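Chemist: So you can see what is in the structure, the chains are spelled out below.
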Amino acid sequence: MASTRLLRRRVPYTRLRWSEVPTWLIGMVFVAAWAAPFLWMVSTSFKLPSQVMTRDIEWIPREVTLENYAHVLKYPIGTWALNSLIAAVVSTFLCIVFSALAGYALARLRFPGRQVIFMIFLASLMIPPEIGVVPLLIAMIRIEWASTYQALILPSVANVLAVYIFRQFFLTFPRELEEAAIIDGAGPLRIFRSVAMPLARSPMIAATVIVFTLNWNNFLWPLLVTFDDGMKTLPVGIAAFAPVVGTHTQMEGYAVAMAAVTLLCIPSVTLFLVLQRYFIAGLSAGGLKG
Amino acid sequence: MTTDARAAAAETSAVAFVGRSKIDWAGYLFILAFAVPFLLFNVLPVLFGIYVGFTDWAIIGAPEWVGLQNYRDALADKWLQQAFVNVLLYALIIVPGVVVLGLAFAMFVNRSWPLSGLARTILFTPNVVSATVIGLVWVWVLDTQFGLLNHYLGWFGIGPIAWLTSSQWSLVGVSIASIWWDMGLGFVLFLAALQDVPKDLYEAASIDGAGFLRQQLAITLPWIRPTISMVVTLQIISTMRIFSQVYVMTNGGPAGSSASVIFHIYQTAIVRNMLGYASAVSVLLFLAVLAVTLLQRLLLREVSHG
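These protein sequence lines are chains A and B, in that order. Those letters in the first sequence? Residues 3 to 292, per this note's numbering, in order. Those letters in the second sequence? Residues 3 to 308, per this note's numbering, in order.
The reader is advised that the hints may include incorrect statements.
Examples of chain A residues lying across from chain B (beta carbon under 8 Å, computed) [to be verified]:
hint, residue
1, Ile133
2, Ile140
3, Ile143
4, Glu146
Negatives, chain A to chain B, calculated, CB over 10 Å [as the list claims (entries may be wrong)]:
hint, residue
5, Leu50
6, Ser52
7, Leu75
8, Leu173
9, Ser196
10, Ala202
11, Asp231
No wet-lab data here; the hints were simulated from the structure. From a predicted model like this one, the values you see are computed outputs, not experimental measurements. Cβ coordinates follow ideal geometry from the N, Cα and C atoms, glycine included.
Only chain B is shown next, with the shape it has when bound in the complex (with noise of 0.2 Å):
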């Protein structure tokens, strides 16, 4: 350090410790070490994908020109199709089975019960194992004849259910590992938004006679508004894009009836070396995740305001 600099910032201290004026040169050195990877790996890549979407490429060769060749083709894909509509369902079932039972099992938590610290360690384990690990302990637990869930369903008179292998359930089978996989990062964002609640709110109601389940109508849900809203966007974006636990559980199979459009890429670029087809499929799945996302978004200020 000069002396020069010594003296500046003696200086700035003597005026008010409001704030340096001068401009520290060293924050760009500072990004600098991020930014370069950020970009050669996390920008450049995805710019240059969305240009080869408008090219015919197989690894060999140069990339060519053609257009818009590839969207016409993707439109007209019929596996695409299903893989798209794969992707819905996989949102309408593990969204809703995320939000339910994480906020319930937060409104459990909550309560300091005996067990509960426990409780709230099992609740987020699952969220912290690899996809391969939901994958090959769903697959046993899901079996047809000899595994766990098919033999408590049958206490109920329930089943045998071929949950992976019978095109009608397996994307089923897939969403409920994927509800178990995903639940505890819900659950413990609702958990942190349920313990920022006012307590004197629910002492406030109660005097005023109001129930379990009316204080949690008018005082939790309309708090916690916001959490519920992050939550159900967070787990859109991730299931649409939702891929390792199908390709470990099912492959995709029977006949396409679980595979998703990220397992649709997959196979295009890697088995079927079609990248720049691939690539063109990569950002139409964008479009559609930046679509539902904002379709929700709106739904739930609707529904707010209404």
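For reference, chain A alone in the conformation it holds in the complex (with noise of 0.2 Å):
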């Protein structure tokens, strides 16, 4: 992985020379443009509902109002965030260690058929998982499952690229630090746990991060499986601030709108901002989004 090692070193900026300067400002500019969603989002969500519909663009707000916040606590959003916590933390807690697992085994361990468990796994990512998506929901349906935590969590929890992360840094684990344990008699659990996994901090963060990000923000799954409003997760019950969704929708305006999620985005982007290498580093070794 040459590019992780390169996007983590801070390179020291050359000074701009004067013939340098336009294309510079020119690509600012669309640095700043890809900015601009996301600032109008926060303005607008500080702004009095009276204030947001004006023909003039006001950057700053003119007043600033946690007015739209405050009715944006009036929905379940506790309930939400804690549903979304629970799911996003444990489907990804049991991603991480079942994946580590595999990813060593793949990596480390040779037994019959580890090449052709590891094609499976990548030919699965070939096969979208929409195909699956009706037959499952009626499973949940048949069991009785519809509406439950393990319905929102256990259909993400075999997520391959996190397998394929810890395959990769395994791959290039330096094999003398296992044979010393294996002089010492430890079995592969052992040299799992006491030797490979405290040193596979920066794949374990890596993984950590693109799941979490992917279980917190998936849609399609939580949307079909929750029947009751109690039970929804975050995005999905906010989707219902939108203008134009079907039957659920709770149109209170772009003020409130805006409120709700800018709240929806604070656990993703902090994550993102605190652990952002982890995050590159990670996604360049799969080249992979799940």
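Need the complex rebuilt from these two chains, each delivered in its own frame; the hints are there to steer you.
Modeler: What follows is the structure in structure tokens.
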């Protein structure tokens, strides 16, 4: 992963030459445009509803108010957030434990069929999960698991991308470290637990942030499998603030909607800002998005 | 660990450290934990879905075998035809948008100017938020009367365009939001690829008097072609499966003008309870994605050889 190393390195920036100033300025205008929707979202969320639909664009609210946030909290946002958190945390935790084990085995242990199993995992990435969504939903309804935590959690546990990240890491893991433990008589599980995992911090963080973000943002499955309001996840619950979505729409105006999505952004954006380099390293290694 | 195994291990290590000759049976146990949810929730539903596609089934009762009837119905379904045309149009707008912008931004940020670290963060951030955020923020930005985009387009005498409420523009409106959402991944992959291009190639080229544009065409593009091909493939696959932003932004409308195939599946399965039909459509979508992906791979290869 040469790319990872380079992304991590802090490149000392070279001073701008005069001839480069125009290029730099144009580029930065585009970057600013890229940030604009986020800034506009936050700005709108603090505006008085009466000052939102205006002909002039006011980036800084004339009067800052928390009214919209208070309004959002009248909905069961707390419950939805808790549902999202439980579902995403449990599912991510299980995924990381299982994927680390599988990734380690695929890279380091020798047993017949190892390559075949890995190929099957990779091939499964080609098949869109949507083919399975309807039958899975029926199964969940039949066994009366619709609108339960296990229905939200279990289908997203097996994420092949995480296995891939761990396998790639363990392929380059120095064998000497394991050999010492083998001489001491440690079995595969003990080597995994006390030698391999403690040194696998970076793939673990990379896989965790990526899988957690995917789970936190998951939309289609929670939308299908939750029938009562109290079991909705945050993205599905807040989607009802859209002005067009079918029968469950609760149009409250843009100011309230922007407050709702600002709240929804906070966990994943914070996670990304704090662990940015792991995020980017994991994605570049996988070259895949779930 | 038994004494036997310890002796065996010691023996192996005494011979050479090239690799253990014995079979690690524990490997199967290690895989098992992952394989169980993988088979139950990833593989089995897909196989069952293919079967359900050949049946007539509303949730109540047992599925009834109808052979290819669902597929015949699907081919005659006007709404589905429109949905397939729509996903191809989505791909034609979003894929080039993501590739061109992602590559341009990656080239820009790759040069370490002032603020390029901040730029990198800004450019990737939309990729980590949920479809609900993308959908709601862009419904507001694309608002016909008071939206940000129409306001600034007005400076150039354009508009106001009814981005999401007219059937000519709704697909374009959803595409703009999708490019903003998806570009980050391509951008990061391009950036990683650009950083692997050997710097001395550029030095040699500039000694030979090649300008910036020539260097990009002669060195950068050939070097990162595999990455371009990968980003195009990934983006085609994800774009043809577009759903959540459509659901949030337009609910497929007006008059189905922005409906995607998965949106159609959602409607027939959930709203109209036609499970067999919906499953058949998802198989058709898979085949379409596969066909387009293979075609694209073939075309990109042709271009490189030509």
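Chemist: The structure should be examined with respect to each hint, and the outcome stated for every one.
Modeler: Tested hints:
1. Ile133: Holds - the Cβ of A:Ile133 comes within 8 Å of chain B, reaching about 4 Å at its closest.
2. Ile140: 6 Å, holds
3. Ile143: Since the shortest Cβ distance to chain B is 7 Å, the answer is holds.
4. Glu146: 13 Å, violated
5. Leu50: Non-interface label stands for A:Leu50: nearest chain B Cβ at 15 Å, farther than 10 Å.
6. Ser52: 13 Å, holds
7. Leu75: Non-interface label stands for A:Leu75: nearest chain B Cβ at 17 Å, farther than 10 Å.
8. Leu173: 13 Å, holds
9. Ser196: 13 Å, holds
10. Ala202: Correct as stated: the minimum Cβ-Cβ distance to chain B is 14 Å, above 10 Å.
11. Asp231: Holds, because the least Cβ-Cβ distance between A:Asp231 and chain B comes to about 16 Å, which exceeds 10 Å.
Hint check: a violation occurs at hint 4 only; the rest are consistent with the structure.
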